[in-house]
Amino acid sequence: MKPAAIASHRFGYSESSLSALQADPRGWVLDQFKQPAAMDTGGLIDSVAALQLTREVLKTALAAKPVESGGKPDDDLGPMTPSRLTLRKTNVKGLQRRWQHAIATPTPVAERWVNFWANHFCVASTKGTMIALVWPHEYEAIRPNAFGSFKELLRAAVVHPAMLLYLDNAQSIGPQSRAGKLREKGLNENLARELLELHTLGVNSGYTQQDVTQTAHLLTGWTVNPQTAGKAGFVPALHQPGPKTILGKRYAEGPQALDQLLDDLSRHPACASFVATKLARHFVTDDPPAALVEWVARRFRDSSGDLMALASALFGHDLAWSPSNPPKFKRPDELVLSAHRMLKIPLGSVERAVFELKSMGQAVAQAPSPQGWPDRAEDWLSADALRKRVQWADRFGDLNRHAADARGLAHLAWGEDLSQSSRSQIDNADSGAQALALALASPEFQRR
Amino acid sequence: MQTTLTRRAGLRLLGAAGAFLPLRMVFAAPASTREAEGPRLVVVMLRGALDGLAAVPAPGDPAWAALRTDEDAAAAALPLDATFSMHPALSNLHRWYTRKELLVVHATASPYRERSHFDAQQLLESGGERPFVLSTGWLGRALQASDKRAIAITAAMPLALRGADGASTWTPDRRRPVDQDLMSRVAQMYRGDAQLSAAFGEAAVQEDMAMGADGGPGFAGQARQAGAFLADPKGPRVAWLEAGGWDTHVNQHARLGRLLVGLDDTLAALREGLGAQWSNTTVLVMTEFGRSARFNGSGGTDHGTGGVAFIAGGRVAGGTVLTDWPGLAGGQLFEGRDLKPTIDLRSVMVPIVQRQFGLDLSQIQSNILPGAVATRHVLWRA
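Those protein sequences? They're chains A and B, same order as listed.
Convert by adding 16 to the 1-based position in the first sequence; the result is the number in the working numbering.
Convert by adding 33 to the 1-based position in the second sequence; the result is the number in the working numbering.
Just so you know, the hints here were simulated from the structure itself, not pulled from any lab data.
Don't be surprised by glycine CBs; every beta carbon is placed ideally from N, CA and C.
Heads up, some of the hints might be wrong.
[Unchecked claim] On the chain B side, residues computed to face chain A include the following (Cβ under 10 Å):
{"id": "1", "residue": "Ser-124"}
{"id": "2", "residue": "His-150"}
{"id": "3", "residue": "Thr-187"}
{"id": "4", "residue": "Ala-232"}
{"id": "5", "residue": "Asp-377"}
[Unchecked claim] Here chain A is said to cover these stretches of chain B; the calculated rule only asks that three of the stretch's residues, wherever they fall, bring their Cβ under 8 Å from a Cβ of chain A:
{"id": "6", "region": "216-227"}
{"id": "7", "region": "278-289"}
[To be verified] Computed Cβ-Cβ distance ranges for the label pairs, DEER-style:
{"id": "8", "chain 1": "B", "residue 1": "Ala-309", "chain 2": "A", "residue 2": "Leu-428", "range": "58 to 64 Å"}
{"id": "9", "chain 1": "A", "residue 1": "Gly-43", "chain 2": "B", "residue 2": "Ala-227", "range": "31 to 37 Å"}
{"id": "10", "chain 1": "B", "residue 1": "Val-166", "chain 2": "A", "residue 2": "Asp-318", "range": "30 to 36 Å"}
One chain only, chain A, in its complex shape:
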């Protein structure tokens, strides 16, 4: 691939034309981080309101039939009550805003950057308490912090009602805390383990079960409840008393310990390597060159996790632009959003896109685990998934047959990187709709 196509398709969301970035593809990418366009969050509800709504929905669902709270997905909440309808509209609005921003933003690479971090700090609406919180987590915790420091982003992502509920810390109680002595409830180590394994250090970086348990003790008290006014907060009565020792370092009792721990985790060499590997894999290629990973990791360590420094290290390095890097297979959401962006077609029905993505193996807002969506071709490319993608291209071409002339578009969008085979199929299509479908089904568009 030529640099302009790499910038447009691999790092961004597929531009309609390479002309604006042809002269300086690298500058086009790097400039986006100087002034990333902000998403308009006006009229979107905050997580406090989202939790109130959640409570109402769960309450009516509970009243409607005898079910237990805690494990009910959205589609099992009983009849469509007014509060459920509000919930649905709220979620659609949050998703619509996010997707429309990816389609129209002047800084698509910066938007991909935001979405990388949202997936790194994955939360999902796979349990009852999470049905309204996935998008607020993104626009309250991830988006405003994605261009600052890793440490601040980490803190914002973890100390947020969505993460505290998703990974059960909201219910974790220090066994020797005041509340713990009074009640049967106690420690839950879910967030502690994933904080070490998925958010910062990566597995096999040297921490032990003891470190996980101690981290869980340290995290007790961080919760969301009426006492914290529906926000993420620290409730001393739930906090395990006494010092905790994690990776050989002692942390005194109290809320300040969390900041100290997150600071230490951010500075841990394993964190830099873990994050650099994930970044290079996501943006560049499934098995990124070691020298590129090491370069980004070093910049992470040298800059104490300055995310802008990371972006310029990654997108400024020649290895990120190497024409010999095998291309990435687009994730379903990348595929669908880039189709809208390349064709300049507004999103229209969010529900339709959600349905299409689910059939390609990506249930929106419902990543199967806290690890988030996987990032390698073999996780997405299979006979069934490819057929579903071609079927989507068929429908998309049909619905948007008047949106673009695929023959001219393909030339503008890929330039010399459009293969002879794709070009001739698109040129010889029997209709405009079919030409569009072929362009979207082409290897050039399925990959990035």
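Once you've looked at the hints, dock chain B against the given chain A.
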């Protein structure tokens, strides 16, 4: 009827478009009657770590009462033997057990001894001794070595089946059939792209054979369809099913109750789909690890080590709990907190692979499940 003709016409077009169909397709004519009657294997993967002590409690263990004090569940549990019982939601499985068609493997685990879901699943599917050493799956390597075909009822190819030309994926689709002319053009367009053309060729053939098959909604529907695929004489011989949601850190009693009912229904639907082929089928139900022996502070359990697996089928030597029970007293628990694994899950995979794929033990131990030792327990009736 018209759809059928269009599909066939489409296939002819595909054929005319060039040699991009994979050599081994998931649906193909069986080599012989013996092959049509040959063994079937279904592997059901429960992602998130099923609590083995909830699915198959051990009320006969002296330490049980102190460990798990859920009296309701204990009262309703279905007895298996002097030590073990079965969660009341698993009524079909319990019936199979009493009919000696279900074998319970308890206090089992892969060789993995840490508590990361992701590493543990990687290891369980790759079949190695440490995570991320092997990048293909044990079933994939076995399929490839024996030239057999398999189908995963998933959108993406699970790691366990990777490495096999004869493995494919399928999920139901309830929308209008796609334009066959477009399909043949796409097939031509993919000709220069080995990866896409192989996957696309497979999908086309499969779609033609499946003919809009639909086992019904949900996981049970998928299982019924998987059974129907395996029952088809021209169908694949191995199927893979998976379901998530087993990571019960909170409010486990209620959540697991629902999940286990779903699993029980799903396995019953699978059997229904298999029909008479049930007698030729072995079903392995597995999960990446067990959960903490004690409940955590939120009515759930955290990541643990030893757990349970099920082996079912018409010829399985069932009606027994295969275990080298380590006990549940404080000193008997792994790292003082988990059921200690005493059976390598791979030791039951070895004879399953042997029976299903007809491979040599030495080949299995070098390439398929490296370093695994076969259980001495006989898993099937003669």
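Against the structure shown, which of the earlier numbered hints fail to hold, in ascending order? 1, 5
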